[in-house]
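Take each chain as given, in its own frame, and dock them per the hints.
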Amino acid sequence: MIWNHFLLAAGVSASTWLLAAFIPKRELIRNGLVLLGIASIAIFIGFLWISLERPPMRTLGETRLWYAFFLPVIGFITYWRWRYNWMLYYSLALSLLFLFINYIHPENFSKTLMPALQSPWFVPHVVVYIFAYAFLAASSLVAMRGLYQEYKGQLQPKIMLMADNLVYLGFAFLTLGLLFGALWAKEAWGHYWTWDPKETWAFITWLGYLVYIHRRLHMPSKFKSSLWILALAFVLLLICWFGVNYLPSAQFSVHTYSQQA
Amino acid sequence: MTKNTKTLWQSPWGYSESFLLAFGLLLIGFALEFTVGSASFGSLVFPQNLILGSVYILLIAMVYVLIRKKAIFKFLSGIPASIGAIAALSFLVVIMGVTSQTPMENRELVSRLGLNRLTSSIPFLIINFYLLFVLGMVVIQKLFPLKLKNWGFICSHLGLWITVFAAGLGSGDLQRLRMDLNENQIEGRAYDDKGNYMDLPLAIKLNDFKIEEFHPKLAVIDNTTGSLYEASKPSLIMIEDGLKCKLHDWEIIVDEFFVTSGRAGDRYYFLVDLGAAPAAKVRVITPAKDTISGWISCGSFNRPHESLKIDERFSVLMTVPEPKKFSSEVSIYTPDGQKQEQTLEVNKPFTVNGWKIYQLSYDEKMGIYSTKSIVEVVKDPWQIFVYIGVFMMMIGSVYMFWRGNKVKNEETLTGVSN
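Which chain is which? The protein sequence lines are A and B, in order. Going left to right, the first sequence walks through residues 417 to 677 as the numbering used here numbers them. Going left to right, the second sequence walks through residues 8 to 425 as the numbering used here numbers them.
Among the hints, a few may not be true.
Here are the simulated SDA-like cross-link-like pairs (lysine to any residue), alpha carbons at most 20 Å apart as the crow flies [stated by the list, open to error]:
1. B:K77 / B:L15
2. B:K212 / B:T358
3. B:K253 / A:L468
4. B:K217 / A:S535
5. B:K296 / B:K316
6. B:K355 / A:W605
7. B:K332 / A:A532
8. B:K332 / A:W600
9. B:K149 / A:I629
10. B:K149 / A:H634
11. B:K332 / A:A601
Quick caveat, the hints were computed from the structure, so don't treat them as lab data.
Next comes chain B alone, as it looks inside the complex (with noise of 0.2 Å):
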């Protein structure tokens, strides 16, 4: 091979160039962020959103029309320039990806560089610019003069511009809010993350919110640290009536197991009251094939948790039972004086109005006894433009699966390794 002895900057560029270029805005980003500070920079929202998205379209069919001709479309269209412009963005994620993205109060050298929240910081807006400028180049290369062979790559390189470009301006309209709903009333409010109240153009009335859960656990833990004993696995096994099973080194077998129960004197009974907790009989058979026997609990709101003791350093105990399923049923009331029953599930939003209301969480601390919901209401107007974007990528993926690479193979073939 020939050693490339192109000066710097003489065309036609390369990657040197390319990654001058990319680095070189990112250095600019940072040194903006450093200075000027990107809190002076609020989300964009409708119409500026729209406005900014269509002046920079036009820019882009504007700088196509001009440059076109010329080397330097050439290498903004060519595959340098891309590898250059996700290299500088890979580098950014990978920062993300190793240091804790959280807010920070004091204004070290960490914030101002506004590594702790990058998704919202200079580099990063400006890194996304250029790589949607970058890929428009080549999207509109490839789609002057059309042709039918490039549908492919068509489809998966004008998705993910599609994609990045509404996700990304579609973000300030983007609403969540929360609504805490408790049975049998109705309510009409919402509030962000900071705790501000709004009213919704819809109303909602938990009718009942239903719980299901799995049966809890049986653990050990250390009696010192309370912290649960690991030293085999698994762990946790979960209770089931007439289970025997070994934990660790002990042998446990559950004689007795209620769902919800009571204590009444030395044993508890199957009882069905507010609170009502589970509890199993156990025995436990030591190494020395001792047995200690008594009752577990995890308890609940309003009874108490009873572990048991198996010497003097570990306990069994009964795990808190996780959430199964949940749901709320709800009528939704709407403006135009529409009534809607509805059951309200996690991973089953429902869509009203253009809002999409969420299962998101019920009052913990009381499992299966919670009167309350809570639920998310969202809305997103740009969802539309993000899904056709995202589903034109998996066109391209599915068509990239199909052909593989047949491209080049020629070249790859004759040519020669450096």
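Chain A extracted, bound-state conformation (with noise of 0.2 Å):
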């Protein structure tokens, strides 16, 4: 079964991780670990691709997957590129948080998929998705942090550069969503874009981070505005990547994941 194979997967990424945390200063086996209970999660994702027999894309479970598996691999990067060690740990936490949410809410894995979602379009726009929001969530928690320190008075101008950076990669593929949608909606339905709730949470999220960053662009020495736009942005996300699956207009929306796929 499916679910033997999942904590099977996340076991290992658990236990990797948690290993990983203890030995920091083994960069080499640390870092090992760290790809090792990457890999994990991403094995189990292509098994379950195959024995969907579809992309496993259509659920709120199966995104959520997919989080837990970009999170971390965006955390490495980071981690590698500026050298940020509480970057890594932090999306491993959040990785290892989604996985857990899994764990306590098995989502009904099973091979539907309506025809409008059987398009070549389905792939680039729900990873592009993920890996937004992934870069995104990860520029949350700089923000986050920012306003920590800024609230002790410790405030460094590094970190700014640090969410600006993960803005620009995250705003870049959130475009690109948004566009690849739209794309796909003419191809399926002959229109780009019907103001579908999920359609305009998206949009609305759009414009949250491009005030972030023509705010940041005019204003570079002001931080604490820019970081409280940055937090609120991503409140925006987290409506337009769930929270609209709440609201009652959503209902006969084409981007409401299933509970019973």
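Below, the structure written as structure tokens:
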């Protein structure tokens, strides 16, 4: 059963990462362990894909799985590039949280996929979006850390550069995801944009990060307001990602992740 | 930091003026919506939209020529003005995101302000025009003089401008019509969402409608309410031959399964016939190790549905199968006497004479026995311009990804936190 494999994969990730956290000094071994944990989730996703005979991107649980995979990947890349240890551990912890949520809320795995979703656009649209979400989630962690430092009166300007970098990468993916979705919709239904609740909130999220980027360019030495904008933009992203499923108007949305998929 | 002591509307303008301007325009928009109403505004169709669009572009160019040396141009092409306009648009879209956008008959405050149909309301229109104006100023400011290093900026900003402009102006020329195709009949007419029929410059004959379905699923329902019982996940399991699974507290074993079948006497047999429905013989083992056995079927338009009662409260049943793939084999005739054989499928539209034909639906009551196919025909003459804008934005995004944020890094590092 798929479920036993999930426990195995999540167990490997959890144990390798916990082990990695205890040996931060032995960098090579620690990095190896981190990568092993990531690989374990990747293998499970691949296995799920084959056994479902469709890309596992339909239900909320499946997207959480991708999230649990991409977050540590991005955490690791960020660590590699800027040597922020805490970023690595934050992202590992968050990934474990998502795996844990999937453990307590096992979703229905089934093969059905409605014809509208059977499109070559499906995988790029969703993967690009999940990548964007993972980058932007990482940027919001930076924002929270920045706000904490600011509260303590010891904000380091370097943290803003990190937030900027993550937002730029995330925003580029977010824009591509939005545009891929629009092109797909045009191909599938004849209209780019129908203001479906999910689309509306995706647009609001996009505007939120747009404000952050412009504000940073305009006032690069004002940190506090920018950090608050970044934190707020992530709240919008969360509403877009799963909050929208609980809005009554989203009932007939093509983007509602069906619980009974 | 020194406190900004400049009085309002004193040059140079900043955030306060920007927000007052954008939200002032919103206020005017709502006032107009409340008093005049947007019902008198029809969608612009060709050639009015082309004329209006040209006038608008000319206006932007004229304004630029007139004010490019003045302080106001610096403000309008600057970041605070952009942020003000984005904020005002966000405000409207957030309202759209939390309220349901459905037509209302009664003239309450919500509908008088256009809050239930924001995309066609005056404030939405005004703020879009304002946003396009500010964005236009921003683009012009980067275009003259043209520098090679600005290509990424111009791609993303001009791309956005073209997309919003073309999609907005072109919406009146967009035609979306439906056609009901019946097997072996030629159809040359399509109807709009109000049911008005019109002749098309093409005719379609449905030769064959094909549909494939997923297997039906097992589910447990509450006998008293008739609703799906979801005590644990998964609450629906797809039926396969020989399936053994645990559904909530019960073990369920599928002994026999027919994709199409008919009932004869006390059991179902494999059968190929009009309306033959899926059926399965299942064994349900209760927590007390009692076994209940029987046939279930989801039925069809001409066969009854059958469920198996587990106890007083619950029954196990088979859901109606979901479509996996549906397609129409059609012949398309055009006025020039040509005939084309095509297969229309969801996500695979076909273009003929400027019309795109989409597979939309079928007679869902009949399921796999449907001989009717519903297609949508769409004409969107402005599509090419929207695509140009979209591709420019994509290039802009790739540029952004590749470059990251390298500007103003130094300023950030030397700057002081406020």
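Pair hint outcome, K212 (chain B) versus T358 (chain B) [Cα-Cα no greater than 20 Å]: holds, 16 Å
Holds or violated: K332 (chain B) with W600 (chain A), Cα cutoff 20 Å? holds, 18 Å
So if I understand the rule, the pair passes when the alpha-carbon distance is 20 Å or less; does K253 (chain B) with L468 (chain A) pass? holds, 19 Å
Can the restraint linking K332 (chain B) and A601 (chain A) be considered satisfied, given a maximum Cα separation of 20 Å? Since the Cα atoms of K332 (chain B) and A601 (chain A) sit roughly 18 Å apart, the hinted pair holds (cutoff 20 Å).
So if I understand the rule, the pair passes when the alpha-carbon distance is 20 Å or less; does K296 (chain B) with K316 (chain B) pass? holds, 16 Å
Satisfaction of hint between S535 (chain A) and K217 (chain B), Cα-Cα up to 20 Å: holds, 18 Å
Run the distance test for K149 (chain B) versus H634 (chain A): straight-line Cα separation, threshold 20 Å. holds, 16 Å
Verify the proposed pairing of K149 (chain B) with I629 (chain A), using a straight-line Cα cut of 20 Å. holds, 18 Å
If you draw a straight line from the CA of K355 (chain B) to the CA of W605 (chain A), is it 20 Å or shorter? holds, 10 Å
Take the C-alpha atoms of K77 (chain B) and L15 (chain B), compute the straight-line distance between them, and say whether it is at most 20 Å. The hint holds at about 18 Å.
Hinted pair K332 (chain B) and A532 (chain A), Cα distance within 20 Å: Cα-Cα ~9 Å, so holds.
The structure is consistent with each of the numbered hints, conforming to all of them.
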